[in-house]
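Protein sequences appear in the order of chains R and S.
Going left to right, the first sequence walks through residues 1 to 148 as the numbering used here numbers them.
Going left to right, the second sequence walks through residues 1 to 138 as the numbering used here numbers them.
For the record, the hints were derived by calculation from the structure and aren't laboratory data.
This structure is a prediction, so every number in the text was calculated from the model and none was measured.
Just so you know, even glycine gets a beta-carbon here, dropped at the ideal spot from N, CA and C.
There may be inaccurate statements among the hints.
Stated by the list, open to error - Beta-carbon label-pair distances, calculated as ranges:
no., chain 1, residue 1, chain 2, residue 2, range
1, R, P7, S, M1, 16 to 24 Å
2, R, V87, S, D38, 20 to 28 Å
3, R, L48, S, M1, 18 to 26 Å
4, R, S82, S, M1, 19 to 27 Å
5, S, A4, R, I139, 41 to 49 Å
Claimed, not checked - Below, a sample of chain S positions facing chain R; criterion: calculated Cβ distance under 8 Å:
no., residue
6, S7
7, F14
8, L18
9, V46
10, V51
11, I52
12, T77
13, G88
14, F92
15, I107
16, V111
17, V129
18, L133
Stated by the list, open to error - Chain S stretches covered by chain R per the calculated footprint, using a threshold of three residues with CB under 8 Å from any CB of chain R:
no., segment
19, 27-38
20, 58-67
21, 93-99
22, 117-123
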Amino acid sequence: MMLPSFPEAAPLAGLAGGVLIGLAAAVMLLGLGRIAGVSGLAAKAVGLGGSGIARSGAWMFVIGLPLGALIVMLASGGLEASFASPVTLAIAGLAVGVGTRLGSGCTSGHGVCGVSRLSGRSIVATLTFMATGIATVAIMNALWLEVL
Amino acid sequence: MRTALTSIVSGVLFGAGLALGGMTDPARVRGFLDIFGDWDPTLAFVMGGAVIVMAIAWRIVPRLAEPIFAGEFHLPTKSDLTPRLVGGAALFGIGWGIAGLCPGPGIAALVIEPAAAAIFVVSMLAGMVFVRLFEGAS
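Bound conformation, chain R alone:
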């Protein structure tokens, strides 16, 4: 399916992917009673504290992420992806690491799990990172900074 005004968009694949992500978070919530927040689980896996899940469980979740992507990659015959330069990736990674620890979550913990719970903190966090993300891309475009 295509959206007439947005030829790049993949709404059906997006929706299907979103449902899988929702199911993943539901398995974590109903199965283990925890939030499937990637930044928190990654921090837990490397021993930086965070959510009360056992470290081995956090590792299993984190290892599952590339495995899941690998399955889709093999089944679809390859995934399109373009990445920024090493320096750009390093700067972005640092900001994401510091920001998600201070802000107690990322797109999954706040954006999916918290927003669907109607958590005030998560709604504020999500609106905030959406706004600064949009502003960052707009400013970079205005300065002709092409990173991908």
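Starting from the known structure of chain R, arrange chain S on it as the hints suggest.
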């Protein structure tokens, strides 16, 4: 064992969903954030699909005395809006916008473009360690 199995099932589903929804391609994520340019709304469909399923899951929670494979629920209880929350989220959004990657897609992309994804993931972990060191010192 049940924790490990449940966790890896959740992780695999999550990673597959990210890849299927196109979220492991930074260009698509930046396309979503580029609302003043060639806007790509795909991420809104991904988030919408995930939020709908999770909204149903949250309605099941009160009917469960305890999680299916664990002793008790461990859910966030904070409700205060702090400068730390807003500042952290703002900084996260800036990093997200710069390279089009957040933690989930960054880790999942380790099988797609290993070197590039590894730089992002290691830097992200370094940032997390930095917060820990700084807080430990204060």
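Right, here's what the structure says about each hint:
1. R:P7 <-> S:M1: 16 to 24 Å: Since P7 of chain R and M1 of chain S have Cβ atoms about 48 Å apart, the given range 16 to 24 Å is violated.
2. R:V87 <-> S:D38: 20 to 28 Å: Once the Cβ atoms are compared, 25 Å apart, the range 20 to 28 Å for D38 of chain S and V87 of chain R holds.
3. R:L48 <-> S:M1: 18 to 26 Å: holds (25 Å)
4. R:S82 <-> S:M1: 19 to 27 Å: violated (40 Å)
5. S:A4 <-> R:I139: 41 to 49 Å: holds (43 Å)
6. S7: Check passed: Cβ of S7 of chain S comes within 4 Å of chain R, closer than 8 Å.
7. F14: Where the cut-off is 8 Å and the nearest Cβ of chain R is about 4 Å from F14 of chain S, the hint holds.
8. L18: At 6 Å from the nearest chain R Cβ, L18 of chain S passes the 8 Å test, so the hint holds.
9. V46: Interface hint status for V46 of chain S: holds (4 Å vs cutoff 8 Å).
10. V51: holds (5 Å)
11. I52: Where the cut-off is 8 Å and the nearest Cβ of chain R is about 7 Å from I52 of chain S, the hint holds.
12. T77: Violated, because the Cβ-Cβ distance from T77 of chain S to chain R comes to roughly 10 Å (cut-off 8 Å).
13. G88: holds (3 Å)
14. F92: At 3 Å from the nearest chain R Cβ, F92 of chain S passes the 8 Å test, so the hint holds.
15. I107: holds (5 Å)
16. V111: Holds - the Cβ of V111 of chain S comes within 8 Å of chain R, reaching about 4 Å at its closest.
17. V129: Status holds, d = 7 Å.
18. L133: With a closest approach of 10 Å, the L133 of chain S hint is violated.
19. 27-38: Holds: 10 residues of the segment 27-38 of chain S have a Cβ under 8 Å from chain R.
20. 58-67: Our answer is that it holds, as 6 residues pass the Cβ test (under 8 Å) against chain R, meeting three.
21. 93-99: holds (count 7)
22. 117-123: Our answer is that it holds, as 6 residues pass the Cβ test (under 8 Å) against chain R, meeting three.
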